[in-house]
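K.L.:
Sequence order for the protein chains is A and B.
Mapping to the numbering used here: the first sequence position 18 is 18, numbers consecutive.
Mapping to the numbering used here: the second sequence position 120 is 120, numbers consecutive.
Honestly, the hints are just simulated from the structure, not real lab data.
Don't take each hint at face value.
Cross-link-like lysine-lysine pairs, in silico, DSSO-like; alpha carbons within 27 Å at most [said to hold, decoys possible]:
| hint | chain 1 | residue 1 | chain 2 | residue 2 |
| --- | --- | --- | --- | --- |
| 1 | A | K67 | B | K161 |
| 2 | B | K57 | B | K67 |
| 3 | A | K161 | B | K161 |
| 4 | A | K57 | A | K67 |
Remember, it's a predicted structure, so these values are computed and weren't measured experimentally.
Chain by chain, the residues run as shown.
Protein chains: 2
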Amino acid sequence: MNDAVHKTSAEVDPASGGRIRQRNAALILSAAEKVFAASGFNGASMAEIAAAAGLPKANLHYYFGTKEALYRAVLTNIIELWLGETHGITPEADPAEALGAYVRAKMRWSRERPDASRVIANELIHGAAFLTPYLEDDLRRLVDEKSAVIEQWIEAGRIAKLDPRHLFFSLWAMTQTYADFDLQIRAVLGGGPLSDAEYEHATEQVVAFVLRGCGLTPRG
Amino acid sequence: MNDAVHKTSAEVDPASGGRIRQRNAALILSAAEKVFAASGFNGASMAEIAAAAGLPKANLHYYFGTKEALYRAVLTNIIELWLGETHGITPEADPAEALGAYVRAKMRWSRERPDASRVIANELIHGAAFLTPYLEDDLRRLVDEKSAVIEQWIEAGRIAKLDPRHLFFSLWAMTQTYADFDLQIRAVLGGGPLSDAEYEHATEQVVAFVLRGCGLTPRG
DNA sequence: GTCTATATCGAGATAGAC
DNA sequence: GTCTATCTCGATATAGAC
């Protein structure tokens with residue numbers, strides 16, 4: 001009768017269900033994000049993810065079905081965070097304050113979720129098969145909106161004349177490079193992981209550069 | 001007797017040897033760059049590279065031995081191009097001219113060799129196992145040198161006060177994003193590949209942003 | 001020097017015991 | 001619901017014919 005209501009365990013949303021299920025699904029997702037970030041989709045093995053999660057390999061298939069489904073789940077978890085943090089960019093806002101806050105938020109995200117950033121970067125480099133819908137719908141719409149705001153700032157003479165879309169490309173690139181290409185940065189700065197103070201310094205450098213680049217600070 | 005002089009074919013430098021060898025090696029390297037860029041090291045298969053090169057699979061192993069050796073050969077071909085183009089940055093040069101030329105050169109490289117850029121990006125994201133020596137030696141030395149030049153510009157009041165190393169991180173990120181994350185850019189701009197005119201526009205936007213960010217242009 | 005046919009190995013997926 | 005043992009397939013690499 002109500003067969004349509006029944007699903008096999010593998011098809012159930014891993015986020016719902018009992019406490020054990022939720023805990024294990026979270027463990028797996030966290031481990032998967034790390035391993036996919038480090039090795040890419042193809043390079044990552046289910047065995048490696050299972051080991052990182054401290055669970056037997058078969059559990060991953062039990063919870064998520066296939067490797068691809070697990071990967072999609074990881075991406076879904078990341079995307080909203082990746083798109084967010086533009087709410088401060090409004091026509092009424094002070095441009096320097098709004099853009100500064102945006103850059104700081106992106107730098108914080110690179111610091112706190114480098115693996116998430118790397119998963120996205122990897123996906124973009126390799127064709128974004130799973131990401132394209134978000135790019136062409138959500139991201140494009142978001143950038144259209146925020147670009148309109150910046151156009152208003154330009155017309156009001158509150159910011160330098162520039163193409164807002166390319167400004168966003170630069171902002172994303174400058175901030176995400178601290179997550180994605182961390183290794184390059186560490187090699188050049190000649191050491192291990194950046195300390196909090198060093199990262200704070202990096203953030204201030206990027207903010208200052210961006211604000212000057214937008215004509216928002218007195219020349220030094 | 002002189003066995004030491006003899007090498008198996010697979011061990012011979014593929015760049016040397018007869019005309020056919022050189023032509024085939026070049027075909028393979030070019031195809032490999034494209035496939036590695038699109039799929040990453042693990043995602044790329046020797047069969048796919050062979051098909052792209054129009055040669056039988058066994059030839060790749062005949063010329064380069066292993067998949068890893070082929071990958072190293074691709075990287076080696078790219079690295080010097082990747083490091084180059086900083087020669088304009090000298091104490092005597094005009095900062096705006098030198099930095100503008102550097103940004104334009106990096107933008108040109110993203111336009112003309114996007115696959116090369118993506119191979120490097122992929123390598124950096126995933127641990128840079130093969131690249132680390134270059135990062136810690138050549139790149140670090142290069143950045144040290146050029147940072148000293150920029151420090152001199154700062155002391156002479158010819159450019160805004162900023163941390164030169166973080167400036168380089170930003171310059172690399174802003175320019176390489178047009179190769180590495182091309183898909184994102186196309187989705188936001190709402191179309192297919194950028195035309196020459198669109199790419200020229202992008203280049204001018206980045207150059208203007210960088211020069212303003214360095215305090216090198218009158219405020220707009 | 002070149003390519004077909006094959007050996008070998010590792011990874012995703014699953015059956016079935018518990 | 002959970003995990004061990006196994007199946008199956010695809011990819012690298014190579015042996016050996018031409």
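K.L.:
Hint by hint, note whether the structure agrees.
P.N.:
Hints, verified against the model:
Among the hinted pairs, A/K67 with B/K161 is inconsistent with the structure: their alpha-carbon atoms are about 49 Å apart, more than 27 Å. Restraint check for B/K57 and B/K67: the C-alpha separation of about 11 Å stays at or below 27 Å, so the hint holds. Simply put, A/K161 and B/K161 have alpha-carbon atoms about 23 Å apart, close enough for the 27 Å limit, and the pair holds. For the given pair, A/K57 sits about 11 Å from A/K67 by alpha-carbon distance, which is consistent with the 27 Å threshold.
Consistency note: the structure conflicts with earlier hint 1 alone.
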